[in-house]
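**Q** Construct the entire structure; sequences and hints are all you get.
Residue numbers (UniProt numbering), protein chains in the order written: chain A, 1 to 376; chain B, 1 to 376.
Rather than coming from a laboratory, the hints here were simulated on the basis of the structure. Cβ atoms here follow ideal geometry from the backbone N, Cα and C, with glycine treated the same way. Honestly, I wouldn't trust all of these hints.
With a cut-off of at most 30 Å between alpha-carbon atoms, the simulated DSBU-like pairs for lysine-lysine come out as follows [to be verified]:
| # | chain 1 | residue 1 | chain 2 | residue 2 |
| --- | --- | --- | --- | --- |
| 1 | B | K49 | A | K329 |
| 2 | B | K362 | B | K13 |
| 3 | B | K53 | A | K329 |
| 4 | A | K41 | B | K41 |
| 5 | A | K81 | B | K294 |
| 6 | B | K53 | A | K49 |
Covered stretches of chain B (chain A as the covering partner; in silico rule of three or more C-beta atoms under 8 Å from a C-beta of chain A) [said to hold, decoys possible]:
| # | stretch |
| --- | --- |
| 7 | 37-47 |
| 8 | 309-317 |
Partial selection, computed: residues in chain B whose CB lies under 8 Å from chain A [claimed, not checked]:
| # | residue |
| --- | --- |
| 9 | R67 |
| 10 | F302 |
| 11 | A328 |
Number of protein chains: 2
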Amino acid sequence: MKFELQYTLQGTKARAGKLQTAHGEIETPIFMPVGTVGSVKGVHFRDLKEDVKAQIILGNTYHLYLRPGMDTIEQAGGLHKFNGWDGPILTDSGGFQVFSLGDIRKLSEEGAKFQSHIDGSRHMFTPENVIDIQRTIGADIIMAFDECPPGDSDFEYAEKSLGLTQRWLERCVKRFDETEPKYGYKQTLFPIVQGGVYPELRRRAAEHVISFERDGYAIGGLSVGEKEEDMYSTIEVVNEILPEDKPRYLMGVGTPINILEAIDRGVDMFDCVMPTRNGRNGMLFTSEGIINIKNKKWENNFSPVDPNGTSFVDHHYTRAYLRHLFQAKEMLGAQIGSLHNLAFYLWLVGEAREQIKAGTFKQWKNVMIEKLGRRL
Amino acid sequence: MKFELQYTLQGTKARAGKLQTAHGEIETPIFMPVGTVGSVKGVHFRDLKEDVKAQIILGNTYHLYLRPGMDTIEQAGGLHKFNGWDGPILTDSGGFQVFSLGDIRKLSEEGAKFQSHIDGSRHMFTPENVIDIQRTIGADIIMAFDECPPGDSDFEYAEKSLGLTQRWLERCVKRFDETEPKYGYKQTLFPIVQGGVYPELRRRAAEHVISFERDGYAIGGLSVGEKEEDMYSTIEVVNEILPEDKPRYLMGVGTPINILEAIDRGVDMFDCVMPTRNGRNGMLFTSEGIINIKNKKWENNFSPVDPNGTSFVDHHYTRAYLRHLFQAKEMLGAQIGSLHNLAFYLWLVGEAREQIKAGTFKQWKNVMIEKLGRRL
Numbered sequence: 001m002k003f004e005l006q007y008t009l010q011g012t013k014a015r016a017g018k019l020q021t022a023h024g025e026i027e028t029p030i031f032m033p034v035g036t037v038g039s040v041k042g043v044h045f046r047d048l049k050e051d052v053k054a055q056i057i058l059g060n061t062y063h064l065y066l067r068p069g070m071d072t073i074e075q076a077g078g079l080h081k082f083n084g085w086d087g088p089i090l091t092d093s094g095g096f097q098v099f100s101l102g103d104i105r106k107l108s109e110e111g112a113k114f115q116s117h118i119d120g121s122r123h124m125f126t127p128e129n130v131i132d133i134q135r136t137i138g139a140d141i142i143m144a145f146d147e148c149p150p151g152d153s154d155f156e157y158a159e160k161s162l163g164l165t166q167r168w169l170e171r172c173v174k175r176f177d178e179t180e181p182k183y184g185y186k187q188t189l190f191p192i193v194q195g196g197v198y199p200e201l202r203r204r205a206a207e208h209v210i211s212f213e214r215d216g217y218a219i220g221g222l223s224v225g226e227k228e229e230d231m232y233s234t235i236e237v238v239n240e241i242l243p244e245d246k247p248r249y250l251m252g253v254g255t256p257i258n259i260l261e262a263i264d265r266g267v268d269m270f271d272c273v274m275p276t277r278n279g280r281n282g283m284l285f286t287s288e289g290i291i292n293i294k295n296k297k298w299e300n301n302f303s304p305v306d307p308n309g310t311s312f313v314d315h316h317y318t319r320a321y322l323r324h325l326f327q328a329k330e331m332l333g334a335q336i337g338s339l340h341n342l343a344f345y346l347w348l349v350g351e352a353r354e355q356i357k358a359g360t361f362k363q364w365k366n367v368m369i370e371k372l373g374r375r376l
Numbered sequence: 001m002k003f004e005l006q007y008t009l010q011g012t013k014a015r016a017g018k019l020q021t022a023h024g025e026i027e028t029p030i031f032m033p034v035g036t037v038g039s040v041k042g043v044h045f046r047d048l049k050e051d052v053k054a055q056i057i058l059g060n061t062y063h064l065y066l067r068p069g070m071d072t073i074e075q076a077g078g079l080h081k082f083n084g085w086d087g088p089i090l091t092d093s094g095g096f097q098v099f100s101l102g103d104i105r106k107l108s109e110e111g112a113k114f115q116s117h118i119d120g121s122r123h124m125f126t127p128e129n130v131i132d133i134q135r136t137i138g139a140d141i142i143m144a145f146d147e148c149p150p151g152d153s154d155f156e157y158a159e160k161s162l163g164l165t166q167r168w169l170e171r172c173v174k175r176f177d178e179t180e181p182k183y184g185y186k187q188t189l190f191p192i193v194q195g196g197v198y199p200e201l202r203r204r205a206a207e208h209v210i211s212f213e214r215d216g217y218a219i220g221g222l223s224v225g226e227k228e229e230d231m232y233s234t235i236e237v238v239n240e241i242l243p244e245d246k247p248r249y250l251m252g253v254g255t256p257i258n259i260l261e262a263i264d265r266g267v268d269m270f271d272c273v274m275p276t277r278n279g280r281n282g283m284l285f286t287s288e289g290i291i292n293i294k295n296k297k298w299e300n301n302f303s304p305v306d307p308n309g310t311s312f313v314d315h316h317y318t319r320a321y322l323r324h325l326f327q328a329k330e331m332l333g334a335q336i337g338s339l340h341n342l343a344f345y346l347w348l349v350g351e352a353r354e355q356i357k358a359g360t361f362k363q364w365k366n367v368m369i370e371k372l373g374r375r376l
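**A** Given below as structure tokens:
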């Protein structure tokens, strides 16, 4: 995988780049729609490509491993062939999902034992088999297996957890380097920086991951309950250490404002369920602010969903009609909300890129941050 | 509204025609996707037009009257403006829905009192206000207010019910002829032939409706629990009387086989929730037979959903992937199933039209009926 840093700017760490993968080129900064079980909820792949203009999507190792299972994925020839998405795919390691299982998982040096949320069956993830699974899924970008401590972890816990994540990373890298891709195209492995909200631990983690000289690095364990300032300062600490010439991926973040703040601090890649989850529930992000479409104020508002929007749904449907769909619990409402929000997120990162190129990112960002927080 | 009978054929009553409406031309035989509350469940209007190739859709007076309500629809400038579908729209009269309410409705000579299934509020439909409501909705084709007796009604009940339907029709026609369209384009009113499964009543009903010399006529009260032979023989009885030069609409029917049998007996227009409802539940109609996509046999079947299908979903997605979506309860599964089935229904009536033109309808129909009943 090749990353080319194309544009940087005085007064911000924001950057624009180009990432080459076996399934195509990605222009950064980029947002990756989340396809948990191999489907971005409510959105046809054709629309994801042509309307949302997604350049890369995410798959979840935990979910795909349980269902449809590796047998089916391997027989299909990998996730790209299985779901028909022919662009780049990144898979998370399953760690985050497993740790969210709470009582039905048990952690050890070896790995994480857990019970399926579907049928209660028992499984174990280890750094090794999580690499093997992602080889089978055929992700272009494979994530290391890590422990993600809660946002309120104390230093002691965060440090202990980081130790485990570091030892697991060593095992992940070893397994990755010993194994071959299954479908004839190259895959790459991104380590993950953990360490809670403790700058000392984050620095230690960042120094550790870069020692493996991989194609890119991720910042994990943020947007998990910590304060927003802690998230931003942690990104700053970590990005002081992560190399300039490699892509940086901030996992699971966040609101449009979070994304602009993180771009300003040198992050290149994002994923989050927020655009689809909130879209399904009638909360729309727009360049002028947030719309709760269920609100009675939209009942007789026949202006387009988002006059500045880039999706066809923004112009075809009116706010009054979209509100009606949510009132009547019609699934088309969730489809429209999801498409709109994803298209907006992709527009936002694409526009950030243009503003970086044009040298106007800082000014634009300040205007946008003020607008994005409004309630319309 | 103008109907042109274009092709007829020896040995069948099947016919192909062209119906002119204020919102465009409809080639018959035609199937009309059902947009109960102003949305065809799970399907974007863009896809309904460009992928499914729907030429006319249905709206439900009962549902639209309750939600979003006539105020909103009128402020929008009618349903076309409200939902953004610019092709022809037909609305049912609300009668069928009201009678389905059972205990929470009460019938009288004046009309039908009922309670909303949403909030229990009390309302009344009369032949007059149902016309007014459909004027406000702005449907191109307005249906008369009728009583639809159950499929197992005895002669006495069916006759009494028909009397009411006939008196209501007189009031509907009077109101329709006394009122003007609200949005500057012409609307038309179709009477409905009732009479249960009793040929004598159906004949009486058919003679009565044609005395009003309207632009088209509907056959109601079928596919409501009667035997299939009774449905077919009733269509035959009624179509002996309905004029050749007017379109005939068989309400709420049915399976692909029902539709071909009815076309063979001279029906031109159809609607049914079956393609969307069954599609949402994983039952796909194809030209080779019926697929229950949830079946384990499709688990590792990587052939396209329907190699003969006309929708993009038929070729983009595999059976294994679609099964996976239903297993994982992903809404994309319901979207694919709905689009596929609607596209199949539209293909079926379009192909029937081609076969009528080519003079090969009978032979083609016999082959298709055998295939359509298969379980794949």
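**Q** Is the hinted pair K53(B) and K329(A) satisfied, with a Cα-Cα distance of at most 30 Å?
**A** holds, 25 Å
**Q** CA of K49(B) to CA of K329(A), is that 30 Å or under?
**A** holds, 23 Å
**Q** Mind checking the CB of F302(B) against every CB in chain A and telling me if the closest is under 8 Å?
**A** holds, 6 Å
**Q** Run the distance test for K53(B) versus K49(A): straight-line Cα separation, threshold 30 Å.
**A** holds, 22 Å
**Q** Given the hint that K41(A) pairs with K41(B), test it: the Cα-Cα distance must not exceed 30 Å.
**A** Judged against 30 Å, a Cα distance of about 16 Å means the pair holds.
**Q** If you draw a straight line from the CA of K81(A) to the CA of K294(B), is it 30 Å or shorter?
**A** Between K81(A) and K294(B) the Cα gap is close to 20 Å, so the pair holds against 30 Å.
**Q** Please check whether R67(B) passes as an interface residue: C-beta within 8 Å of a C-beta belonging to chain A.
**A** This hint holds: R67(B) lies near chain A, its Cβ roughly 6 Å from the closest one there, short of 8 Å.
**Q** For the stretch 309-317 of chain B, does the count of residues with a C-beta closer than 8 Å to a C-beta of chain A reach 3?
**A** holds (count 4)
**Q** Counting residues of the stretch 37-47 of chain B whose CB is closer than 8 Å to a CB in chain A, do you get three or more?
**A** The restraint on the stretch 37-47 of chain B holds, since 10 of its residues have a Cβ under 8 Å from chain A and three suffice.
**Q** Next pair to validate is K362(B) with K13(B); report whether the Cα-Cα distance is within 30 Å.
**A** At roughly 10 Å apart (the allowed maximum being 30 Å), K13(B) and K362(B) satisfy the hint.
**Q** Given a cut of 8 Å on the nearest C-beta pair, is the interface hint for A328(B) held or broken against chain A?
**A** holds, 5 Å
In summary, the structure agrees with every hint in the numbered list given earlier.
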